[in-house]
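Colleague: What follows is each chain in one-letter form.
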Amino acid sequence: MLITVRFFASYADKLGLRQTEIELASGASVRDLVSSVAALPGASALPRNPLVAVNHAYAAPETRLSPGDEVALIPPVAGG
Amino acid sequence: MRASLVTHALDAGALIREVADERRGATALFVGTVRSVNEGHEVKAIEYTAYEPMAEREMSTVLSEAEERNAGVVLVAEHRLGVLQVGEASIAIAAAHEHRGHALDALRYAIDEIKSRAPIWKREMYADGSEAWVDPSGTAAP
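Protein sequence lines, in the order shown, are assigned to chains X and L. Residue numbers for the first sequence follow numbering that gives the first Met the number 0, beginning at 0 and rising by one. Residue numbers for the second sequence follow numbering that gives the first Met the number 0, beginning at 0 and rising by one.
Treat the hints with care, as some may be off.
[As the list claims (entries may be wrong)] Straight-line Cα separation of at most 35 Å, DSBU-like style, residue types lysine-lysine; simulated pairs:
#1 K13/X to K43/L
#2 K13/X to K114/L
#3 K43/L to K114/L
[Stated by the list, open to error] Computed footprint of chain L on chain X, listed as stretches where at least three residues anywhere in the stretch have a Cβ under 8 Å from a Cβ of chain L:
#4 5 to 14
#5 39 to 48
Since the hints were made in silico from the structure, they are not lab data. Even glycine gets a Cβ: it sits at the ideal position worked out from N, Cα and C.
Please build the complete structure, drawing on both the sequences and the hints.
Modeller: See the structure below:
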């Protein structure tokens, strides 16, 4: 299944990328997706266990992904 | 309850008017502004960006939680995005309740949780021309 992954702020700068699509096996989890992201160029500068959102809500590593999900890696937030 | 991301200057008075009601005797307001100095660096401006749909959703969730903790409170929050100069307001939250205790508690909860949960980021631009993403631990990362 194809999953869209979005990057923001410092993570987007480190990867030189704001969005990509990653092919994962059916039934893959957030943890599996983070492992795939870790193979992208520049990903060694990212934390090993970044915060992840699935369809605009924070998601635990064991969360199962579905085709068409929008996943985002969330850098340390600093609003306000 | 309303939570919005905006790109125009914040109007705290408008937020107060939005929550005020003759049944509510207490209105509390929080305004966060761009500081001139952070971690010893002279700040010229800050650029705020967000994962917009999620940030609005998370802000709304926080306000709902604040309302659950303080029955009868009415809240409105706006966060500004874009490049803000020193002294400009980046966030404004107004809370109104029959009594001050719940208005103040809801306001404190809302600002603390929005700061820790809403996917919003700031890039500080310093007087010496350098820039850095602000990390919540307080140390800027180049």
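Colleague: Which constraints among the numbered hints does this structure fail? Numbers only, ascending.
Modeller: Of the numbered hints given earlier, the structure breaks just one, which is hint 5.
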